[in-house]
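Each chain, written out:
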Amino acid sequence: DTAVSQTPKYLVTQMGNDKSIKCEQNLGHDTMYWYKQDSKKFLKIMFSYNNKELIINETVPNRFSPKSPDKAHLNLHINSLELGDSAVYFCASSQATANSPLHFGNGTRLTVT
Amino acid sequence: DAKTTQPPSMDCAEGRAANLPCNHSTISGNEYVYWYRQIHSQGPQYIIHGLKNNETNEMASLIITEDRKSSTLILPHATLRDTAVYYCIVRAYSGGGADGLTFGKGTHLIIQP
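Respectively, the protein sequence lines represent chains A and B. When the first sequence is numbered by our numbering, its final residue is 135 and no position is left out of the sequence of numbers. When the second sequence is numbered by our numbering, its final residue is 122 and no position is left out of the sequence of numbers.
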């Protein structure tokens, strides 16, 4: 049973397109996150959602918009894709407490050409 | 900025214990120490976490010094599959919801056959 699942695993698209990455968790967690890992392998948090409310937005361009239809899903929509958006995007979830580990998905590798 | 300091890389012989150090001299009283690892480009994998006491699970042991300014992750019998980047993370808690994890550069642990 996959705890945190992301789709698609790979996404290749052209500059200027709009794309979405989906994330679902079946752990009953109330907080979900999106991370970006660039070519230098640095993992950086983008967003977190707690009970459908945005908690963190770490200087991410407004072309990126998280959408959470319910507690189990946090999708990432990206408008007007740029070359610099190429990266691996990871979804994660946890309970809203510092004592609750984050569980990560296996990532979506986005390539913008 | 990450609140931890780790060596950039370490080697360990297969079958031996791998001891990964981490300094977190500015840790606050309510902050947990988390350890994650990332194997190649997979999603970060939770290993263990603790607040004050030493912790042990099926994967590893976590030793936290009495002053909480440093910790050591111990993999008791390292295998080739343990080759990965290991991240030591101090987790803040905002009170309104859980903050995510702030990843640093980690330690690249290489298990030698």
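Think of the hints as simulated: they come from the structure by calculation, not from any bench. Hints are not guaranteed to be accurate.
Claimed, not checked - Once the Cα atoms are required to be at most 25 Å apart in a straight line, the calculated DSS-like pairs of lysine-lysine come out as:
1) A:62 to B:12
2) A:58 to B:114
3) B:114 to A:62
4) B:61 to B:78
5) A:66 to A:89
6) A:58 to A:44
7) B:12 to B:114
8) B:78 to A:44
9) A:62 to A:31
10) A:41 to A:89
11) B:78 to B:114
12) B:12 to B:78
13) A:66 to B:114
14) A:93 to A:62
15) A:44 to B:12
16) A:63 to B:61
17) B:12 to A:58
18) A:66 to A:41
19) A:63 to A:93
20) A:44 to A:63
21) A:44 to A:93
22) A:31 to A:44
23) A:58 to A:41
24) A:66 to A:93
- Against the earlier hints, flag every one the structure doesn't satisfy and list their numbers going up. 8, 14, 15, 16 and 19
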